[in-house]
Amino acid sequence: MSEVALQAVGLVRRIEGAVSHTLVNGIDLSVSKGEFLAITGPSGSGKSSLLYLLGLLDAPSDGEVIICGQPTSKLSEDDRANVRLTKCGFVFQFHFLLPEFTSLENVLLPMRAAGQMSEKEMQERGLELLGSLGLKDHANKRPNQLSGGQRQRVAIARALSNRPEIIVADEPTGALDTSSTEQVFGILREIADQGRTVVVVTHDPALAERADRRVHIVDGKIQQTFEERGSTEEPAVAVAPKA
Amino acid sequence: MASNLLVNIAWTHVTTRVRQTLVGMAGVAMGVGFTIMMAGLMEGSQIDFLHQLVDTMPHVSIQSDRRTAAPQAADREYGAVQMSGIANVNNRPGIRYPESVMASVRSWLPGDVAPSVKTTAIIDHGGRIGVTLVGIDPKQEIKVSKLPSQMREGQINDLLRAPNAVIIGQALAEKLAVKTGNAVTLIGGQGTHVNSTVVGIFRSGLKRVDEGQIYSLISTAQVMMGQSGIINELRLRLNDPLEAETIAKQVEGQTGYKSVSWQEANSDLLSSFAVRDFIVLTVMGAMLLTSSFATYNIISTITNEKRQDIAIMKSLGMREAAVRRIFILEAAIIGVVGILFGWIIGYALCYGWSQITIYNTLTGTNVPISIYYTPFHYIVAGGISLLCCTGAAFFPARKATRVHPVEIIRGAS
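Chains Z and W supply the protein sequences, listed in that same order. Letter by letter, the first sequence follows residues 1 to 243 of the working numbering. Letter by letter, the second sequence follows residues 1 to 413 of the working numbering.
Pulled out of the complex, with its shape left as it was, chain Z reads as follows (with noise of 0.2 angstroms):
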């Protein structure tokens, strides 16, 4: 049985309000170490808001996220800090890349922030990072100079920059054209590949196909497990949504 790198048992996360809202809706999973999970879903469905509450980005109304093995949900809001700094990395839909900072500048921002290197290892790790995505001549260029693709490599050399367990990354593609979705796409396989979890949030349902597995979001629940990659006819495990 492989290992567990990120679970979520009875996920609930609920706005209140005058008219309470559920964005998610008691959701289990558990997603392996090295496990390319993609998550769909129509606009609305709840897929963002989970995974918010799986890289603790935000706190479940309910619930519990497990990350390697250690319960969040009593963690203080610096704890989870700590977390998300030493064992999360994020990409999202933009880049959200510092404009003030140039792309070197940018990936070296989580491994200042969690002070565990010296500044010469940081400064040959980051140029690592963005030479293995191919931005090694673009390192002391500032955002503004940058196409969107690369702009986006530059936010996932950050994410990997602390060298976290867990990529979360946020409808990734959802702002880049067909070439650049394809290169980020193949990033993020070769980064589950290489042995590190990676859970995507995406529309596109050609590019879910090459994760390992799929699930399919309705209303704040699972609706379809697909187990295999490239498989979209049936559903290898239908998880019953709980009432």
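Possibly wrong hints are sitting among the right ones.
To be verified - With a cut-off of at most 20 angstroms between alpha-carbon atoms, the simulated EDC-like pairs for lysine to aspartate or glutamate come out as follows: (1) W:Lys118 to W:Glu264; (2) W:Lys399 to Z:Asp78; (3) W:Lys399 to Z:Glu121; (4) W:Lys249 to W:Glu264.
In case anyone wonders, no lab produced these hints; they're calculated from the structure.
Knowing the structure of chain Z, use the given hints to seat chain W on it.
Okay, now just chain W, sitting in the frame of chain Z:
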């Protein structure tokens, strides 16, 4: 969280907004500069005035009266709590055995002591003006008084050269049209008339002294009082005038005579200084606070513009407090640079003021404006300004960093 990173981000933010940053720095610099100038002017004029005041009067004056009525014979005799209907017995006025008292005080006093007789008189030279007549011993007076250096005509020892000689203030001399060598008449409280010669003119710089005080020999003052041999005031000059209050208490405890420090003698003036200080400090505080509003505006603008960056930094795992610190550091950078320029502006303003002279109607001379230079003004103005700047940044920074990153990320998507 590595502090280098926070400083790096803060520095990048302020250096990429040059115009805003310069406006903020200018605000701080102006506030600090003008505060230093006001403090220098205020304290300079105050110190100048106090120097004049302290120079023209004894630091401590041992007077012949007591703070409370002396125990009466009936009280002593019968040990009664209170006696009524019995007139108090007044002993002969003046300090008893003044030489012994002076020797005793001189034995420990950090300074010197001289005898004097203080009384009131009228000086008559065509017109009549009431004055305070101070009888002094010129040889001893030079140890306790700045009078020798305040002489404009004649010398203090000239009192010994003519019978009943007097030294009068310049303002009084002008009022009475008296010159050195002129004869005047002194009229004492007992109706005593004494023909006197003006042997010198002094100028202390204090109008009430220059217009209302004259000096004679002790013997002349005793004649005017009608009390031969009386000494009713011992005048003390201290090495450190600021110790006057302590010394006065010690002397009073030792001799039993009322001992008045220059601070006590001018307590009404000093309390008005305290009120003035309070008002000026309030104005200066308001100036520094107002100058920090520019910083508040800048940090508010930056935090608004940087909401997305704040969300990203938080999502990457930077703690809320660390992100908040970035903006407080930005305010500190604006504050510190502004303060450095403010110090330069403050010094330049003080120097500029010190070059201005004002015509003194009393002395008839142009005197420069007194400025007091002290690092204390610079440190206090800088410290308060830095506190105001960082305080002004704290609130917008706290508000901005409390934003949930998901809200911003969703909003941008």
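Evaluated hints:
Restraint check: the Cα-Cα separation between lysine 118 (chain W) and glutamate 264 (chain W) comes to about 18 angstroms, which is no more than 20 angstroms; the hinted pair holds. Of the supplied pair hints, the one linking lysine 399 (chain W) and aspartate 78 (chain Z) holds, its CA atoms being roughly 17 angstroms apart against a limit of 20 angstroms. Between lysine 399 (chain W) and glutamate 121 (chain Z), the direct Cα distance comes to roughly 35 angstroms. Violation of the 20 angstroms bound is thereby established for this hinted pair. A C-alpha spacing of about 11 angstroms is found between lysine 249 (chain W) and glutamate 264 (chain W), which places the hinted pair at or below 20 angstroms, so the restraint holds.
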